[in-house]
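The residues making up each chain are set out below.
2 protein chains.
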Amino acid sequence: MELKEVNLKLVRDLQKILRKDQISVTNPDRLSYGRDSSSQAIIWARANQVKYPPDVIVWPETTQEVSKVVSFANSKSIPLIPFGGGSGVCGGTWALHGGIALDLKRLNQILKLDPIKMNVRVQTGINGEIFERELQRRNMTLGHFPSSIYVATVGGYLACRSAGQLSTKYGKIEDMVEGLEVVLANGDIVSIESVKDQPKQLDLKELFVGSEGTLGILTEATLKIHAMPESERFLAFQFRSLEEGLEGIRKILQRGVSPAVVRLYDELDTILFGSHKEKSKTGGVKESLQNSLKPMLTCIKNRSLKIFLKHTDRLGKFLNYLPGSCMLILGFQGFKKIIEAEAEIAEEVCLKYQAADLGPGPGLYWKKHRYSVSYKLSPIFDAGFFADTMEVATTWKNLSNLYHAVREAISKHALVLAHFSHAYPEGCSIYFTFVGYGENLKKSEDLYQYIWREALEACVSSGGTISHHHGVGVLKAGYMKDEWGAGLNWLNRVKNQLDPRHILNPGKLGLTPLI
Amino acid sequence: MELKEVNLKLVRDLQKILRKDQISVTNPDRLSYGRDSSSQAIIWARANQVKYPPDVIVWPETTQEVSKVVSFANSKSIPLIPFGGGSGVCGGTWALHGGIALDLKRLNQILKLDPIKMNVRVQTGINGEIFERELQRRNMTLGHFPSSIYVATVGGYLACRSAGQLSTKYGKIEDMVEGLEVVLANGDIVSIESVKDQPKQLDLKELFVGSEGTLGILTEATLKIHAMPESERFLAFQFRSLEEGLEGIRKILQRGVSPAVVRLYDELDTILFGSHKEKSKTGGVKESLQNSLKPMLTCIKNRSLKIFLKHTDRLGKFLNYLPGSCMLILGFQGFKKIIEAEAEIAEEVCLKYQAADLGPGPGLYWKKHRYSVSYKLSPIFDAGFFADTMEVATTWKNLSNLYHAVREAISKHALVLAHFSHAYPEGCSIYFTFVGYGENLKKSEDLYQYIWREALEACVSSGGTISHHHGVGVLKAGYMKDEWGAGLNWLNRVKNQLDPRHILNPGKLGLTPLI
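Protein chains in written order, with numbering that gives the first Met the number 0: chain A, 0 to 514; chain B, 0 to 514.
Extracted from the complex, chain A is given alone in its bound form (with noise of 0.2 Å):
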């Protein structure tokens, strides 16, 4: 593909600010930077395309230089796209309008560690995995596990609110914010302190957490941590049903025990779950149904899915005679003694809905490919399918309502499964994934987006919010409308006083874009 040409006086004017190996305008960078992880850039990179590449990518290595870069931004009314480690999966980080991509990856310092304050200083540009590393070196803990750890940076986490797999004992991102250090259009570096019991200003961490670098750069933040459990368990059960499962789980938290994982899979995924691990505990139909699902699953250039997918009708109504039971994993984490007794509580609820105790097994083969899923995508593109997950979420009341709405949704043109993760005493998380086939690239992206489009207007009519931690980007932007209602005027208001060139990552969060 063509690039537009390399625009000099840009490259001049960053030079004033920045040393020549901090600043890059070569195909291969600005065509890396052009697309994140989402299956939208997938499916186009595939067909040799990269649609919204940066003009210039730069490396600034200091607050200052952020500040610096922005205000130059500012004063030209350049867009900036603020990028971590491009694992997103909404387009937040797509050039839409071209302009600077500030990759903050080298402000990667843990800048003071307080084993009294029980709180860490970092750069938000740092790995995730290196950073959690670098804690449990001392004994202590994010308690954030994204399936995305090895590529996101902290300051991804931040921008899209990310939750991690043990977010129902640790909580979101946004639950273990305590201070800010934000850059704002202007330039200005403005800190912002989070804390109880701490000499207060007005608390704008809400705003910025979670504003995908819409009204400001984020550059520092204060993070809570915590001592490393001593102890972990795992148990699983089988419930006969989906509703079943979702009761258990709403007692258990609404009781007061947290445990780090909750994990209840949907009659589809239970079945490929069960299919592969090296044991299966369950029999009967359901072994012959994982056999013949498996080969569906694990040989996925099979031919029959792409027969199967061309007729997802028919695959819902066949997908309607899966038994109808459904696995759920628990995991505890902390002294052995308390998660000994919360097992104990957890175990008396799921027994009352007569599940199927499954034991340790299904908790720990979850543990051992926790990160596995996100990498393997590629096969499944690399076959001509597309996939992708979504992931919505809802108060207990109206959790089942949104499942059935949002999979009848996309069951009419993929094959769809869900797990329900992230449970609080409030609600829960649904993580759908699917896959979809198209003959070439028109007819895939056409019916991909058709998707998407179908499942969030599902999930808009029954009372589901969009993104429970991907963000909302480009991918979703369109229905920040349906959900904030009036609240999205307050939210461009906002935009209008702390960015009025809209020079910060136009285009994204469903903000109304400059006239």
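One should not assume that every hint holds.
[Claimed, not checked] As a list, the in silico EDC-like pairs of lysine to aspartate or glutamate whose alpha-carbon atoms are at most 16 Å apart: (1) Lys67(A) with Asp12(A); (2) Lys335(A) with Glu343(B); (3) Lys336(A) with Asp174(B); (4) Lys67(B) with Asp187(B); (5) Lys223(B) with Asp174(B); (6) Lys335(B) with Glu347(A); (7) Lys104(B) with Glu60(B); (8) Lys336(B) with Glu60(A); (9) Lys336(B) with Glu343(A); (10) Lys335(B) with Asp12(A); (11) Lys336(A) with Glu60(B); (12) Lys336(A) with Glu343(B); (13) Lys104(A) with Glu60(A); (14) Lys204(A) with Glu192(A); (15) Lys50(A) with Glu444(A).
[Claimed, not checked] If you want the footprint, here are the derived chain A segments under chain B, 3+ residues with CB under 8 Å: (16) 190 to 198; (17) 340 to 349; (18) 425 to 432; (19) 460 to 468; (20) 483 to 494; (21) 503 to 510.
Hints were generated in silico from the structure; no laboratory data involved.
Glycine included, every Cβ here is placed at the ideal spot set by N, Cα and C.
Chain A is fixed; fit chain B onto it per the hints.
Then chain B, alone, in the frame of chain A:
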């Protein structure tokens, strides 16, 4: 004292909105509503003074009526003071510029209790104790037990960011809010949702909770509730020093154990607590000290205390010779199995500091008398003394520093004791109680205000927050600038946007008055 004449025009205007029995301009009412439960107001009342009576009191019965009154007040630029139980202690409901006292106590309905969502929608005028009793009848609890529970309203809780005695487990009131209904200065009725997993608007909870009626009138709230705990258990330990006690609490909390009750008494408070107990477990020097201090405070009319308080410098020196040991009470609530495990871990931590195990007695004694303290102030004032409490807070690292700074500031002029409660993984609150003496109204008032100035200055310069849960009101308004810094400018801008005529509780929270 003389009250300003009744404003008949105002009454006639209000009669167009409300029934006659919803409006009062009688002197007893105006005098009652011209004060709160602050020590300053009590000092004045003992001298037959009520400095800031409203012109009129109204009792709206619906949000719509509130909206109409607010609209009307706004159209005429008449000050409006929202009023709950009158249990505030910072002058937050004084009618500094006259105007309308807007009593919300007739908005007292529990609108909906949802056992699936585990939340309750309630009108803000409901009394705290009645509300909690209704929840407990259904085997639920709010988990919020301020010592003002018999007087305060839910609206008052929210206006001041109230904390209950079990805040370590259940959080402060702001942690319980899932939704708000707010009447803005122009009469608009706005609904705010603040739940993870729900479609979002701009989350403005942080703005309105704690705004003390200066930004809007809170008329409804959705609050998190909990199942009544299955079981309860108390522990108590005598630590060799305050610092060791604080270290013990911090370690217990930062390891993830969360007691419901955490109370560490400083040296003097430990002795006085002991002197109240039927059976003291301590002996020797402590017992003799108790015996000498007991008459001093239980017989508060004793002349010797007046003499003591005239020579607080010497008293301070005397108190430095206290044996220095401090009592910690821990209370656990929840499932029997879990709290037994938690108690065991907490015990281990305390015993590592060689703290003496005092058994469940002190905790049970505390529980029995936990609301009594607030009703013991009257005899102190009757005897010509004044007394007050001051609740500051900071993070763990700074806690001992803050304690010594504020204690030293107060102890020059009054008898001061303190306990540390409302403990969190991040830090803890310090609750000072002080008793002083002035020969007459003028001297009492001067000394009282002088003590507050000195104490708040010590707090600010030691990095503490000037309020953990009593709010700011008039009492601490002058220190908001020190505490919030540039944040106060932002808050003032928000005030000017939301309440351009400054009708909402003017003069409170340190906001800049209109010029």
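Given the hinted pair lysine 104(B) and glutamate 60(B), is their Cα-Cα distance within 16 Å? At roughly 8 Å apart (the allowed maximum being 16 Å), glutamate 60(B) and lysine 104(B) satisfy the hint.
Does lysine 67(A) pair with aspartate 12(A) here, judged by a C-alpha cut-off of 16 Å? 11 Å, holds
Proposed proximity, glutamate 347(A) with lysine 335(B) (alpha carbon, max 16 Å): Holds - the C-alpha atoms of glutamate 347(A) and lysine 335(B) are around 14 Å apart, at most 16 Å.
Proposed proximity, glutamate 444(A) with lysine 50(A) (alpha carbon, max 16 Å): 13 Å, holds
When you check the alpha-carbon spacing of lysine 336(B) and glutamate 60(A), does it fall within 16 Å? Cα-Cα ~52 Å, so violated.
Pair hint outcome, lysine 335(A) versus glutamate 343(B) [Cα-Cα no greater than 16 Å]: 12 Å, holds
Going straight from one Cα to the other, do lysine 336(A) and glutamate 343(B) come out at no more than 16 Å? Given that 16 Å is the threshold and the Cα spacing comes to 9 Å, the pair holds.
CA of lysine 223(B) to CA of aspartate 174(B), is that 16 Å or under? 8 Å, holds
Between the alpha carbons of lysine 67(B) and aspartate 187(B), is the straight-line distance 16 Å or under? 9 Å, holds
Given pair status - aspartate 12(A), lysine 335(B), alpha carbons within 16 Å: Outside the cut-off at roughly 67 Å; violated.
Taking beta carbons only, do three or more residues of the region 190 to 198 of chain A come closer than 8 Å to chain B? holds (count 5)
For the region 340 to 349 of chain A, does the count of residues with a C-beta closer than 8 Å to a C-beta of chain B reach 3? holds (count 4)
The structure does not agree with the numbered hints 3, 8, 10, 11, 21 stated previously, though it agrees with the rest.
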